[in-house]
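A.B. asks: The listed protein sequences correspond, in order, to chains A and B. Residue numbering for the first sequence follows our numbering, starting at 1 and increasing by one per position. Residue numbering for the second sequence follows our numbering, starting at 86 and increasing by one per position.
Everything labelled a hint here was simulated from the structure, so no lab data went into it. Each hint should be verified, as a subset may be incorrect.
No more than 16 Å apart at the CA atoms, straight line, and that leaves these computed lysine to aspartate or glutamate pairs for EDC-like [to be verified]: (1) Lys160/B with Asp71/A; (2) Lys6/A with Asp71/A; (3) Lys4/A with Glu46/A; (4) Lys4/A with Asp71/A; (5) Lys184/B with Asp196/B; (6) Lys45/A with Asp326/B; (7) Lys76/A with Asp5/A; (8) Lys356/B with Glu429/B; (9) Lys76/A with Glu429/B.
Below, a sample of chain B positions facing chain A; criterion: calculated Cβ distance under 8 Å [stated by the list, open to error]: (10) Leu152; (11) Tyr161; (12) Thr320; (13) Ala324; (14) Arg332; (15) Leu338; (16) Leu342; (17) Phe343; (18) Gln346; (19) Ile366; (20) Ile369.
Beta carbons: idealized from backbone N, C-alpha and C, even for Gly.
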Amino acid sequence: MAIKDKRAAKLALLFGALSVALYILLFYISDLTIEWARLTRLGHKEYFIVPVVIALVFSYVHGTFTSHFWDMLGFKPAAKHKGGK
Amino acid sequence: MLDSVSFIDLSLTNVILLFVVGFIGGMVSGFIGSGGAFVLTPAMMTMGVPGIVAVASNIAHKFPKALVGAIKRNKYGQVDIKLGLIMGAFAEFGMVAGKNVMTHIKNIYGDVGSNLYVSFTFIVILAIVGSFVLRDARKLYKLGDAAKNYKVTRLAKWVQSIHIPGTMMHFQSVKARVSVLFIAPLGFATGMLAATIAVGGFIGVPAMIYVLGAPALMASATELVIAFVMGLGGTVLYALDGVVDIRLAMIILGGSLFGIQIGAIGTTYVKDHTVKLVMGIIMITVLFSRFFYIPGYLSQLQLIEPVDAGTVTMLKMAGDGTLVLALLLGAITIVGALIKGMAEHRKQHEELADKDGFND
Numbered sequence: 001m002a003i004k005d006k007r008a009a010k011l012a013l014l015f016g017a018l019s020v021a022l023y024i025l026l027f028y029i030s031d032l033t034i035e036w037a038r039l040t041r042l043g044h045k046e047y048f049i050v051p052v053v054i055a056l057v058f059s060y061v062h063g064t065f066t067s068h069f070w071d072m073l074g075f076k077p078a079a080k081h082k083g084g085k
Numbered sequence: 086m087l088d089s090v091s092f093i094d095l096s097l098t099n100v101i102l103l104f105v106v107g108f109i110g111g112m113v114s115g116f117i118g119s120g121g122a123f124v125l126t127p128a129m130m131t132m133g134v135p136g137i138v139a140v141a142s143n144i145a146h147k148f149p150k151a152l153v154g155a156i157k158r159n160k161y162g163q164v165d166i167k168l169g170l171i172m173g174a175f176a177e178f179g180m181v182a183g184k185n186v187m188t189h190i191k192n193i194y195g196d197v198g199s200n201l202y203v204s205f206t207f208i209v210i211l212a213i214v215g216s217f218v219l220r221d222a223r224k225l226y227k228l229g230d231a232a233k234n235y236k237v238t239r240l241a242k243w244v245q246s247i248h249i250p251g252t253m254m255h256f257q258s259v260k261a262r263v264s265v266l267f268i269a270p271l272g273f274a275t276g277m278l279a280a281t282i283a284v285g286g287f288i289g290v291p292a293m294i295y296v297l298g299a300p301a302l303m304a305s306a307t308e309l310v311i312a313f314v315m316g317l318g319g320t321v322l323y324a325l326d327g328v329v330d331i332r333l334a335m336i337i338l339g340g341s342l343f344g345i346q347i348g349a350i351g352t353t354y355v356k357d358h359t360v361k362l363v364m365g366i367i368m369i370t371v372l373f374s375r376f377f378y379i380p381g382y383l384s385q386l387q388l389i390e391p392v393d394a395g396t397v398t399m400l401k402m403a404g405d406g407t408l409v410l411a412l413l414l415g416a417i418t419i420v421g422a423l424i425k426g427m428a429e430h431r432k433q434h435e436e437l438a439d440k441d442g443f444n445d
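The shape of chain A in the complex, shown without the other chains (with noise of 0.2 Å):
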């Protein structure tokens, strides 16, 4: 499919550079996630942030990705404020 909009390509390539990099460190750390759960599960109850945290990040991250991602390929809302009627 063709590049449609110029500006959210350019942006979709930076978030989508920041969104994989995110994965390549939790593929990165996985081993790590799986004992900070286990030491939840061991009274460190502390360690429950973690995966709260992870989840906003790349939610935000990759998130931002996917949105300019459609952008880039013309995929847009009708207009706005249309909701409702």
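Since chain A is already given, all that's left is putting chain B on it; use the hints.
C.D. replies: Chain B only, in chain A's frame:
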């Protein structure tokens, strides 16, 4: 018991499968406010993920997904944040209650008992709400353009007419003041259903439409706020138990964030009845999927003549297949509506440009 919880090794096939199911589930969520979760949990369990880890990781992918979807649809003016947050708060209580009921049933009747309870809930809720939603979608479709003058149900009119001092709040989606005392049980039931079958939206969205009087597009968008509140609470609870496999959750999220964006965009091209139609189709298909599981459960509980293991496995596969079919049907309807809507939109623009003589 939790000490023995183990996280699986991820194979490439599993990663791809989770990504794809996440994508399709995300698309359906972006469009009707919920969905996908009922396929993800069994899919993960088939890969060997323990039940509790599957449920916990599913919820951990749900709240960021719902957040992203809610922000997107808020840009289109479809979200009633106040209603979402209030219903979400009551839904938290519902989730705790739902979880307790499940644990109680499991303690008395074991896994099979709780499976039977889940299937029974699926069938009852989906049969009532699903047929209602589908009937309404058909009615709106037949009315065509006449349906533009959005009408609230008689029930919603009654709810809006009741004035209980000290509990009244104005909601932009309903365009009226409604007592929080009506919202509390709806939120509670949404949470309870979410804890039982992982898809609270099957109560939340129809409740906002038919009981409170919100338009379907706004109800499905507001459900994402409820899902976010419930999901965040659920994730924290499960994370405190150390049973969230964040790798699994983030792989599903990888696919579902692509899906939720396209689902949300899709809503801007469709009318209210399409949202109801997709929701109705999915609910009824999911309902039929449960029938395949019941003989196995009844046989294990020795309530009927024993059914041989081969037949039970076959039936279970048919049930899982029907769930996948439900998601695919929803996704195809959404993509179809999106493509058709975009083409019509473009045509209208071109015609307008032609009329104005600006087109070359």
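A.B. asks: Run every hint past the structure and note whether it holds.
C.D. replies: Status of the hints after comparison with the structure:
Between the alpha carbons of Lys160/B and Asp71/A the distance comes to roughly 14 Å, so the proposed pair stays at or under 16 Å and holds. For the hint pairing Lys6/A with Asp71/A, the CA-to-CA distance comes to about 9 Å; that is within 16 Å, so the pair holds. Under the criterion of a C-alpha separation no larger than 16 Å, the hint pairing Lys4/A with Glu46/A is inconsistent with the structure, at around 46 Å. Taken as a hint, the Lys4/A and Asp71/A pair is honoured in the structure, with Cα atoms around 8 Å apart against an allowance of 16 Å.
Taking the CA atoms of Lys184/B and Asp196/B, the gap is about 14 Å. The hint holds against a cut of 16 Å. A hinted pair counts as satisfied when its Cα atoms are at most 16 Å apart, and Lys45/A with Asp326/B qualifies at roughly 8 Å. At most 16 Å may separate the alpha-carbon atoms for a hinted pair to count; Lys76/A and Asp5/A meet this at roughly 10 Å. This hinted pair checks out: Lys356/B and Glu429/B have alpha carbons roughly 13 Å apart, not beyond 16 Å.
Restraint check for Lys76/A and Glu429/B: satisfied, since their Cα atoms lie roughly 14 Å apart, inside the 16 Å limit. Contact between Leu152/B and chain A, as hinted, is supported at the beta carbon level, the nearest pair being about 6 Å apart and thus within 8 Å. Because the beta carbon of Tyr161/B sits about 5 Å from the nearest beta carbon in chain A, less than 8 Å, this interface hint is met. A least Cβ separation of about 6 Å between Thr320/B and chain A falls short of the 8 Å threshold, and the interface hint therefore holds.
Nearest Cβ of chain A to the Cβ of Ala324/B: about 4 Å, under the 8 Å cut. The hint holds. Interface hint at Arg332/B: satisfied, since its Cβ lies 5 Å from the closest Cβ of chain A, which is below the 8 Å cut-off. Among the interface hints, the one on Leu338/B holds; its C-beta lies about 6 Å from the nearest C-beta in chain A, closer than the 8 Å criterion. A distance limit of 8 Å between C-beta atoms decides the matter here; for Leu342/B the minimum to chain A is near 4 Å, and the interface restraint holds.
For Phe343/B, the interface hint holds, since its Cβ comes within 8 Å of a Cβ in chain A; the closest pair sits about 5 Å apart. Contact between Gln346/B and chain A, as hinted, is supported at the beta carbon level, the nearest pair being about 5 Å apart and thus within 8 Å. Using the Cβ-Cβ criterion of 8 Å, the hint placing Ile366/B at the interface with chain A is not satisfied: the shortest such distance is roughly 21 Å. Because the smallest distance between the Cβ of Ile369/B and any Cβ of chain A comes to about 25 Å, over 8 Å, the interface hint for this residue is violated.
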